[in-house]
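Peer 1: Given the sequences, and given the hints that come with them, work out the whole structure.
Residue-level listing of the chains:
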Amino acid sequence: MAKNRFHKPQRGLTLDQQIYRMRCVCPQFKMRAHIRQRSVTWVGPIKPTPLSDEYKVSVSLRPGLRPVVKVLQPQLRIREGATCLPHFYTRDNSLCLHEVHEWKSTDFVADCIIPWASLWLYFYEIWFITGSWEGGGTHPDKPEHQSVEDRAQ
Amino acid sequence: MIGQVSLQTRQAQLDDLLARVCFELQLSPTRYQEAVARYQAVCRWLEAEGSPVSNYMPTIYPQGSMRIGTTVKPLGREEHDLDFVCEFQIDPSTIEAPLELLRHVAARLKEHKVYRDLLEVKNRCVRLNYANEFHMDILPACPDPASGEDCIVVPDRQSAWWKPSNPRGYAEWFEERCIVTVPYQFSERKLAMDSAEPIPAQEASHEKATLKHVVQLLKRWRDIYYQDRCDVAPISMVLTTLAAQFYGGHWSVSESMTTILERIEGAVNAAMPGRIYVLNPANTDEDLSERWDDPTQYAAFIEGIRALRAAWNRLTLDQTLEKSVGILEGLAGEPTKEAFRKQARDLQAARDANFLKTGSAGALSVMSGASVRPNTFHGEE
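From first to last, the protein sequence lines are chains A and B.
Residue numbers for the first sequence, in the numbering used here: 1 to 153.
Residue numbers for the second sequence, in the numbering used here: 1001 to 1381.
Hints are not guaranteed to be accurate.
Derived list of chain A stretches under chain B, where covered just means 3 residues or more per stretch with a C-beta under 8 Å from a C-beta of chain B [claimed, not checked]:
# : region
1 : 30 to 39
2 : 43 to 49
3 : 52 to 63
4 : 120 to 126
What the hints contain is simulated information worked out from the structure, not anything from laboratory work.
Ideal Cβ placement from N, Cα and C applies to all residues, glycine included.
Peer 2: Here it is as structure tokens:
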């Protein structure tokens, strides 16, 4: 790895630290760096439980922003009778994994975001089967809810 | 109880769901208590002084699924069928017309202002219909010591003669089959001739023996599969006996089912071109599968069991969740969704208690690996 390629001191973890941790904890995830935007995207498999489907997921991280998690394959589906996916940002088709204050730039993507995404997918599957979201959570129109763009810290 | 979710392997997760399905299918604890109270009341009425049948010292005890803990909620209605034997201390050879017994019980129940309206006389039993609760079938019987301990004979309206049986011996045999490798001991059944034996305390679904779960699932599958042709559906006793005979002592419900189905099909193939005989292990004079003398009935059974085995193998091997759910729903019906919902609730509870971990590829597990930090799913909907 080129030394200090992304190194720019943040209040939180550097991209290098995130990349290193992802490589250790989630070696199945392939990384792509976007040098100009100073961001990285990981793409890899998540299979929440043995009976679950395996999902190809992308996680994009740009320091100062919340990580953006999208499901690439298989396509998420809205169950019959529902109008939209639960806990989902239609604006950029990403998963709503946490409230703003729950993610800090000192958190590792590998230790927080990947498990949360896995849980989200599990509850999504249960929702798809039963129609009920059992994962708890909050809904927007709350003051803490912000769009991706607003989430720059 | 927090975090009782097994997700280690496909089989473990399937077993977890199957146990939850069985829980949904069984008689609820409230209903169970009600059934016990009702049965004791009937008992008191038959034994009461002045009752013409009290002279024959009737002994009432549960039989069938109520006795062995394999009750299954019937499809499309609320009432469970609960079977009881009312054994009279009379030598059957002294009775000219066995149906007299059935009439005696019916006559006595008709004297009661409540039972009168609930009563229905069936082929071998009298039935009390408690709407929205259960059907209580009371089967009059006489001891038949010549055939062995606990053997009885029951009047049969169709043949107007006696039919041999042994529900207590059967239950003992079944419980023995259950304990092959089950890691807990069953309390010894007291089979003394008390006038009303207590119904065994109901086991919670998660501590129920594997074999009982398998039997519940088989009965439920039967109810669904033969829904539109009930007349050829294999009877519960046959399914229960086959399952117990071929049970391999596995702890896993799914593995046990796989083995049992494989062995049933093996026995069917070996018996060709004849049929298999399912005898009451506690009274081999009783051919539980007598209906299979009718080739149409037997053919329907073979066709059904083959379809079930094919579906079951797909369930244990198939890789997509949607298909697994579809297969499970075909086998167990509505409780499937509730099973998934409750598994998710328990997983969420485990997570709230900080017991939830993730492993490779985000695999969720309860109690091992790195703990999942609390988060709140947020979003537009």
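Peer 1: Hint numbers the structure violates, sorted upward?
Peer 2: 1
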